[in-house]
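Protein chains in written order, with this note's numbering: chain A, 1 to 114; chain B, 115 to 227.
Keep in mind the hints are simulated off the structure, nothing from the lab.
Treat the hints loosely; a few may be bogus.
[What the hints assert, rightly or not] List of simulated lysine-lysine pairs, DSS-like, C-alpha gap at most 27 Å:
no., chain 1, residue 1, chain 2, residue 2
1, B, K171, A, K49
2, B, K185, A, K49
3, B, K185, A, K101
4, A, K101, B, K123
5, A, K101, B, K171
6, A, K101, A, K22
7, A, K49, A, K77
8, A, K77, A, K101
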Amino acid sequence: AQSVAQPEDQVNVAEGNPLTVKCTYSVSGNPYLFWYVQYPNRGLQFLLKYITGDNLVKGSYGFEAEFNKSQTSFHLKKPSALVSDSALYFCAVRGDTGGFKTIFGAGTRLFVKA
Amino acid sequence: NAGVTQTPKFQVLKTGQSMTLQCAQDMNHNSMYWYRQDPGMGLRLIYYSASEGTTDKGEVPNGYNVSRLNKREFSLRLESAAPSQTSVYFCASGSSGRYNEQFFGPGTRLTVL
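Please model the complete structure; the sequences and the hints are all you need to start from.
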């Protein structure tokens with residue numbers, strides 16, 4: 001069965017510091033991994049995805065994510081956080097078997113302090 | 115392009131009432147999805163439609179029905195609403211292919227009293 005774990009309910013960082021939001025996954029076959037961001041009272045917006053190839057994926061707004069197959073992780077990172085990055089972040093996974101279902105993590109709330 | 119649109123934005127129902135949530139996309143996507151979002155539980159898939167004319171159950175389909183009216187529209191119906199269905203409902207669409215991301219609507223906040 002597919003699953004996604006985001007072990008931190010909340011991450012607090014100071015503006016200008018690097019940030020990491022953690023995600024681990026379990027899936028049959030090859031994983032397709034996604035990060036989405038949700039601002040208050042809005043739908044989710046796509047940030048980046050890993051399909052295959054380079055383990056470091058770059059996405060929107062200066063975010064990047066590192067795929068680690070041995071640790072089954074796909075952590076979201078940004079070198080220098082902005083206050084405007086404060087939002088709810090979701091990791092999601094889809095396997096290459098089992099239909100088109102995408103499994104989302106519970107979400108991690110990021111607070112960036114000025 | 116409007117992207118994914120949902121109506122209504124807010125709705126309050128009494129237990130036992132029925133309603134239909136509407137979703138439309140103008141991106142010519144084959145796949146469409148209905149999710150519910152509850153605090154601490156992330157998004158859970160209710161139903162999805164891989165293409166026009168097909169629908170499949172997701173993780174939490176009980177109490178819901180769907181209709182893929184055409185390629186653009188995918189509606190979600192609650193036949194007899196229950197307080198446990200109080201949630202925020204999101205519709206999403208995406209291109210065919212497992213590696214394609216989804217595009218989400220703004221959501222419908224539903225309260226069942």
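The hints, checked one at a time:
1. For the hint linking B/K171 to A/K49, the alpha-carbon distance of about 25 Å falls within 27 Å, and the restraint holds.
2. For the hint linking B/K185 to A/K49, the alpha-carbon distance of about 25 Å falls within 27 Å, and the restraint holds.
3. Distance hint between B/K185 and A/K101 is fulfilled; the C-alpha atoms sit about 19 Å from each other, no more than 27 Å.
4. Among the hinted pairs, A/K101 with B/K123 is consistent with the structure: their alpha-carbon atoms are about 25 Å apart, no more than 27 Å.
5. Taking the CA atoms of A/K101 and B/K171, the gap is about 10 Å. The hint holds against a cut of 27 Å.
6. Distance check on the hinted pair: A/K101 and A/K22 sit about 22 Å apart at the alpha-carbon level, within 27 Å; holds.
7. This hinted pair checks out: A/K49 and A/K77 have alpha carbons roughly 13 Å apart, not beyond 27 Å.
8. Distance check on the hinted pair: A/K77 and A/K101 sit about 25 Å apart at the alpha-carbon level, within 27 Å; holds.
Hint compliance for this structure: no hint is broken.
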